[in-house]
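K.L.:
For the record, the sequence lines run as chains A and B.
So the first sequence is numbered by this note's numbering: it starts at 306 and just counts up by one.
So the second sequence is numbered by this note's numbering: it starts at 33 and just counts up by one.
Note that these hints are calculated values from the structure, not bench results.
Among these hints, one or two may not hold up.
Estimated spans, in silico, between C-beta atoms of each pair [as the list claims (entries may be wrong)]: (1) A:ILE380 <-> B:GLY47: 50 to 56 Å; (2) A:VAL366 <-> B:PRO127: 40 to 46 Å; (3) B:ILE113 <-> A:ALA371: 35 to 41 Å; (4) B:LEU117 <-> A:TYR347: 33 to 39 Å.
Which stretches of chain A does chain B cover? Using the computed rule of at least three CB atoms under 8 Å from a CB of chain B, they are [to be verified]: (5) 310-317; (6) 321-335; (7) 346-357.
A virtual CB, placed ideally from N, CA and C, is assigned to each residue, including glycine.
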Amino acid sequence: MTLAWTPFLEPLNAIQPTWYLLLLPLVLGIAIIYRAIREENYAVYWRSVAIMTGQVVFGIVAIAIALGLFVQLVIPILNQP
Amino acid sequence: MKSNHTNQEPVSFNGAAIVLAWLFPGVGHISIGQKRRGLLIMSGVLFLVLCGVLVGGIDAVDHKNDGLWFMAQVWCGPIVIAVDLLNQSLIAPLPVDEKATLVGLSHVNEMGTLFIAMAGLMNFVIILDVIQAKKGDDFELRSGSKERRAQQ
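Using the sequences and the hints given, assemble the complete structure.
P.N.:
Below you can see the structure in the form of structure tokens.
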């Protein structure tokens with residue numbers, strides 16, 4: 306129940322069905338920290354954060370699609386007698 | 033970690049900065065004159081920790097039930113230890129039926145725990161960086177950037 310939810314004390318159970326969307330803020334936070342120590346020029350800092358976030362999200366989505374196809378298509382074929 | 037330092041200045045060992053970087057993420061870099069870099073690190077780590085506690089509740093940090101995760105999370109410093117103390121004092125002693133709404137289940141608990149663990153591991157990388165960072169080596173000043181711009 307979201308109405309009785311106390312932020313920072315109770316877990317945000319309402320996000321359970323769409324938990325995979327949390328990948329975006331997770332990767333954004335990692336990119337903000339990582340680019341802060343790697344980037345030498347502040348003018349391109351936020352652009353490089355956005356690029357890194359996009360690259361990591363794209364990579365994880367691509368791996369998820371590949372593994373999904375493997376489980377849904379390849380394994381049933383391998384299991385055929 | 034930067035390995036392409038081009039100038040010949042010896043890299044000093046920043047013992048106090050290492051401790052400060054663990055005590056509060058980003059303060060280690062600020063203490064050696066890298067204010068903007070430190071503030072960005074601080075905002076990134078705090079963003080991940082706040083997201084983790086927001087999603088998973090304070091149960092996202094639990095050194096008794098999630099000991100291995102706690103080993104990664106504790107690199108965030110006293111913030112995470114404080115959240116764990118809150119968890120152990122407010123939630124852990126409760127009976128099971130009262131605890132049910134305060135404990136994250138399934139993906140919510142996993143993602144909350146993961147957010148804070150990633151913040152801890154990234155702060156570990158920050159601590160490694162501050163070991164060999166040079167004083168005042170902030171954006172536009174870090175070695176190599178001037179030479180690179182001169183070549184362009």
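K.L.:
If a hint holds in the structure, say so; if it does not, say that too.
P.N.:
Hints versus structure:
Hint check: ILE380 (chain A) to GLY47 (chain B), Cβ distance near 54 Å, so the stated range 50 to 56 Å holds. Remark: the range hint 40 to 46 Å for VAL366 (chain A) to PRO127 (chain B) is upheld by a beta-carbon distance near 42 Å. At roughly 40 Å, the beta-carbon separation of ILE113 (chain B) and ALA371 (chain A) lies within the given 35 to 41 Å, and the hint holds. The beta-carbon spacing between LEU117 (chain B) and TYR347 (chain A), approximately 37 Å, falls within the hinted interval of 33 to 39 Å.
As drawn, the region 310-317 of chain A meets chain B at 6 residues by the rule of a beta-carbon pair under 8 Å; at three or more, the given contact holds. A count of 8 residues in the region 321-335 of chain A with a Cβ less than 8 Å from any Cβ of chain B is obtained; the coverage claim is therefore met, three being the minimum. For the region 346-357 of chain A, the stated coverage by chain B holds: 3 residues have a C-beta nearer than 8 Å to a C-beta of that chain, and at least 3 were required.
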